[in-house]
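Trainee: One-letter residues, chain by chain:
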Amino acid sequence: MSPEITQDLTAEEQEQLECVYAKPETLTETRFHYCPGCGHSVVHRVLMEVVEELDIQDKTIGIAPVGCSVFAYHYMNIDMQGAAHGRASAVATAVKRLLPDRYVFAYQGDGDLAAIGTAETIHTCNRGENIMIVFINNAIYGMTGGQMAPTTLLGMKTSTSPTGRTVETAGFPIMITNMIAMLPGVAYVTRQSVETPNAVRQLKKAFTKGFQYQKEHKGTCFIEVVSNCPSGWKMTPLQANKWLVENMFPVYPPGDIKVPA
Amino acid sequence: MAKGKVTFDIETCKGCELCIEACPQLSLALSSKINAQGYHYAVLIKDNCTGCVNCALVCPDAVITVYRQKKKSKTPVARITNVTQNITVTIDDERK
Ligand SMILES: Cc1ncc(C[n+]2csc(CCOP(=O)(O)OP(=O)(O)O)c2C)c(N)n1
Ligand code: SF4
Ligand code: SF4
Ligand code: SF4
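These protein sequence lines are chains A and B, in that order.
Straight run, no breaks: the first sequence in our numbering ends on number 261.
Straight run, no breaks: the second sequence in our numbering ends on number 96.
Please keep in mind that the hints were generated in silico from the structure rather than gathered at the bench.
Incorrect hints may appear among the rest.
[What the hints assert, rightly or not] Dumping the calculated DSSO-like pairs for lysine-lysine here, alpha-carbon to alpha-carbon at most 30 Å:
hint : chain 1 : residue 1 : chain 2 : residue 2
1    : A       : K218      : A       : K205
2    : B       : K33       : A       : K215
3    : A       : K205      : B       : K70
4    : A       : K59       : A       : K215
5    : B       : K72       : B       : K3
6    : A       : K234      : B       : K33
7    : B       : K70       : A       : K23
8    : B       : K72       : A       : K234
9    : A       : K204      : B       : K3
Please put together the full structure from these sequences, using the hints given.
Mentor: Printed below as a string of structure tokens:
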């Protein structure tokens with residue numbers, strides 16, 4: 001293997017180079033507990049980069065879910081509140097109504113948002129609450145050991161569908177993002193991902209729009225992120241991202257589903 | 001000197017290799033050494049980084065800081081005002 005290049009910047013480098021990317025100040029010093037390569041980490045980082053760039057750190061309130069991202073409040077250096085499993089959007093509703101000048105988001109996994117929290121999710125969106133919902137779709141329950149989620153793909157093996165999900169026993173992967181787009185109170189619905197640098201750039205733009213629309217009182221903004229779970233999927237991070245492109249995108253294609261008029 | 005450089009928060013790296021895959025210059029690799037968490041950490045192995053930021057964008061753990069050559073200054077070398085007749089101007093730009 002080629003020799004490692006020293007980390008220290010030489011005097012010449014110090015003079016000629018400028019810093020163009022560093023960890024955002026809106027993330028705390030605490031290291032993420034997430035598994036190597038986990039999409040939750042990338043989404044936390046990108047969300048906090050946007051909060052930093054928009055300079056809304058002291059005006060943003062996040063609601064953490066139950067799931068792997070239950071400790072989001074250890075990492076995001078903003079005001080945060082935990083919620084019971086699936087109820088993040090209901091808590092976000094209360095926070096936004098009490099403090100309407102704040103930027104409020106709920107951050108939820110697919111088990112949280114589309115299984116136990118389906119009712120809260122749909123009714124929050126149907127009321128057109130002026131919040132942003134960040135929906136991490138990794139097609140599995142990560143935290144509890146890789147059980148089948150409503151979003152699990154047909155044929156996908158999980159600890160509770162060891163021979164693969166079938167329509168007969170578990171129905172179809174739920175297209176909750178498309179369902180939500182049909183509700184009139186919902187302003188902006190987009191499906192993004194984080195497996196390549198360009199995907200990350202697109203996600204960043206989507207979060208920026210989400211906060212902008214909230215400022216303009218447009219209604220609910222719903223941002224799905226097609227994400228990975230290397231541990232639950234029993235793959236390396238590189239394998240997981242390749243699998244995501246080949247298997248998740250045909251069912252959950254990235255792109256805008258609804259944009260404000 | 002390369003156009004860019006990356007540095008790593010070695011102890012925070014989890015050796016996921018996503019940065020290595022994302023680098024168009026093939027500038028990165030995992031070290032043969034491990035950090036205190038027990039992971040082989042990512043390192044720069046070639047002096048050809050362009051500072052494109054791709055690696056930092058996909059790094060889940062915000063391990064990477066990216067540096068890039070400063071943009072050439074846009075301050076004018078000369079200003080010509082109150083011209084009443086044809087003139088010839090020769091600019092000797094030593095900045096290349
Ligand atoms: C009321 C209640 N029921 C069940 C659980 C167990 N539980 C914890 S996390 C989780 C699912 C998490 O899956 P998901 O929302 O997809 O998030 P991920 O861990 O994949 O990020 C479940 C069922 C719980 N904590 N509380
Ligand atoms: S179990 Fe899955 S979702 Fe949870 S941290 Fe690990 S990789 Fe991420
Ligand atoms: S900044 Fe670009 S060229 Fe440099 S190491 Fe990262 S991905 Fe490679
Ligand atoms: S992407 Fe980040 S955590 Fe993964 S190997 Fe590279 S520097 Fe380490």
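Trainee: Hey, B/K72 versus B/K3, does the alpha-carbon distance stay inside 30 Å?
Mentor: 13 Å, holds
Trainee: Are the Cα atoms of A/K205 and B/K70 separated by 30 Å or less?
Mentor: 25 Å, holds
Trainee: Given the hint that A/K234 pairs with B/K33, does the C-alpha gap stay at or below 30 Å?
Mentor: Holds, at roughly 25 Å.
Trainee: Given the hint that B/K70 pairs with A/K23, test it: the Cα-Cα distance must not exceed 30 Å.
Mentor: The given pair, whose Cα atoms are some 20 Å apart, holds under the 30 Å limit.
Trainee: Would the hint linking A/K59 and A/K215 be met if the CA-CA limit is 30 Å?
Mentor: This hinted pair holds, its Cα atoms lying about 11 Å apart.
Trainee: Please work out if A/K218 and A/K205 have their alpha carbons no farther apart than 30 Å.
Mentor: 17 Å, holds
Trainee: For the pair supplied as a hint, B/K72 and A/K234, is the alpha-carbon distance within the 30 Å limit?
Mentor: Distance of about 48 Å is beyond 30 Å: violated.
Trainee: Would you mind confirming whether the straight-line C-alpha gap from A/K204 to B/K3 stays at or under 30 Å?
Mentor: 25 Å, holds
Trainee: Does B/K33 pair with A/K215 here, judged by a C-alpha cut-off of 30 Å?
Mentor: Violated, at about 48 Å.
The earlier numbered hints that this structure contradicts are 2 and 8.
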